[in-house]
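S.K.: Chains A and B are the protein sequences, given in the same order.
Residue numbering for the first sequence follows this note's numbering, starting at 1415 and increasing by one per position.
Residue numbering for the second sequence follows this note's numbering, starting at 1415 and increasing by one per position.
Calculated directly from the structure, the hints in this document are not laboratory data.
Be a bit skeptical, because a hint or two may be false.
You can't tell identical chains apart in this list, so a pair holds if it fits in one copy or across any two.
To be verified - Taking lysine to aspartate or glutamate pairs in the EDC-like style, the calculated list, with each CA pair at most 20 Å apart, reads: (1) K1441 to E1572; (2) K1546 to E1601; (3) K1546 to D1469; (4) K1441 to D1711; (5) K1419 to E1471; (6) K1441 to E1471; (7) K1546 to D1621; (8) K1671 to D1600; (9) K1477 to D1670; (10) K1481 to D1670; (11) K1419 to D1494.
As the structure is a computational prediction, the values presented were derived from the model and not from experiment.
Number of protein chains: 2
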Amino acid sequence: MRDVKIALVGYGIVGHGVVDVLSRKRKMLREMGLNLRLVSVTDHTGTIASEEGIDGEKILGEKTLGKVATSSMKGKEAIDAIDSDLVIEVTPTNIVHGQPGLGHMEAALSGGKHVVTSNKGPLVVSFNKLHKMAENNGVMLKFEATVGGTMPLISLVERTLVGNTIRGIRGVFNGTCNYILTRMTDESIPYAHALSEAQDLGIAEADPSYDVEGVDAAGKVVILANALFGMNIKYSDVEVTGIAGITPEALGLAKDKGYAIKLIGDVPALTVRPTLVPLASPINVSGTLNSAAIYTDLSGTITVTGLGAGSIETASAILSDVISIYRTKRIDAIF
Amino acid sequence: MRDVKIALVGYGIVGHGVVDVLSRKRKMLREMGLNLRLVSVTDHTGTIASEEGIDGEKILGEKTLGKVATSSMKGKEAIDAIDSDLVIEVTPTNIVHGQPGLGHMEAALSGGKHVVTSNKGPLVVSFNKLHKMAENNGVMLKFEATVGGTMPLISLVERTLVGNTIRGIRGVFNGTCNYILTRMTDESIPYAHALSEAQDLGIAEADPSYDVEGVDAAGKVVILANALFGMNIKYSDVEVTGIAGITPEALGLAKDKGYAIKLIGDVPALTVRPTLVPLASPINVSGTLNSAAIYTDLSGTITVTGLGAGSIETASAILSDVISIYRTKRIDAIF
């Protein structure tokens, strides 16, 4: 049995999902030969730590750690102080300066701890530096959950399509925009109307600019370009146009000609913009789905689609990353 | 550098693709730390063997090995006689008795050699026995290319979605049927007309029954059920209906109501039959594409699509399997 001490940093929606999933999957993981022990959870109110492993059911009811915290340590201080093998970083994202996640990841990696994250900001701001830091310290940095939610894009390219040269990736990288465009098309309603419906449903935020202006999708383009295409680009290298200018008339006209209009991110073109997509194309997904077409030299075009977000869904992508770090031939053999 | 001696058995369309891909990718593979040495190629006319490795360019122009064979050894005899680490089995498939591939795989596995294959027949007939044989001999049996061509379904489930419990898989598993149904829908032409067009284009065989009666798709259902769901079923356990009874009128009526009619394979339902699929569903792919929706407990529904067949495409799936057998942490680190 491989024993792994996990420190979780961030206890919002995704953090709760991680605690929940680790708890639900304990038995299955042990059957795989992995004992994932959650030795600490840290948020902006403090830290709960336990060498034996924290019982998920005892803390899942708490919105923050305030009442159950065993120490006032936060962020980097907690990462440095707690003896762990792997840090799961899921604090709120900031794609301008990457903090506080960037500092957390640097602390973990320089301390010889693996990092698994769903936090885009630090990777958008500083992917190559973090990647090098992981290499130099002999640990891994895994970030499947940063791109496309449950859609297993990075792992698919790195593992399954490993014999291929990847020529490009194009897709729908933001579920909120895709929901709005789908509703505008299906109901012939204007942008403002569909946006407000999405806000009522919790699909769009009160300030929707991060999604609808293409910022989120562009962040994903930066991560894919640096991680899978060996590029070294910044957010400002991506040409970004959002969806606010799209009218139901344009969507209707496109549909009559056999096209949908989707907000498409493109690597290595480094663009995010409303784009005509043939109705029959596999990347033409509806609702909050994300999609990605991967253009390869040998396998043709492979497309993958999945839910763009969700607490348990994102936690599941994080769990896959954790397992892949400790995966051995022996684990392979159970299939 | 890991040196791997590969014996290729079968030199038809896929076999040629394997030789081509191994040759094209030699440099990339060596950068990954893998020296894949093709020490023999065997077909129904004999064997060409070379300890130093066969130069792909010297044999790719030959339709069979007749003129270049260095020995008259065939099949099992060649597998036993030639010193190899891994056998790639790509002889013509037979899903009734599985031969000659079944005998080839048994010879390889019992001789302590890994097996990678695109040959459905032996796995449909005898998956659990072959799987056990591999385990008992401490080697691996890999068969990504048997299901869905380039669509990386098995690897996706085994590796990328590893934290999930898979509840079901439904999809379009036969590109020939899907091409015919797509043409019937788009052009409102009858079945016989679309079939004959597909035959002219080489998409359907002169005797199309293996595809259009659902036999091929049902074979894939058997493999998925046994390999990914731990079942122990035979071909006769699958309820199969082909596409010959579908009319352009039915397709048109379905479309008016927002549906496509697709030949859908379903595990664990163990059915292959024409099924209504919502037009907006990600498994509603057109032309010769294959698709599969994977229903999971944590990640929701993940859909993958890709080309159903092709020489280089199938060889690429085989190469991914070969790499995955020898993949180490060090190989991971190049990404």
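S.K.: Of the hints stated earlier, which fail here?
M.R.: 2, 3, 7, 9 and 10
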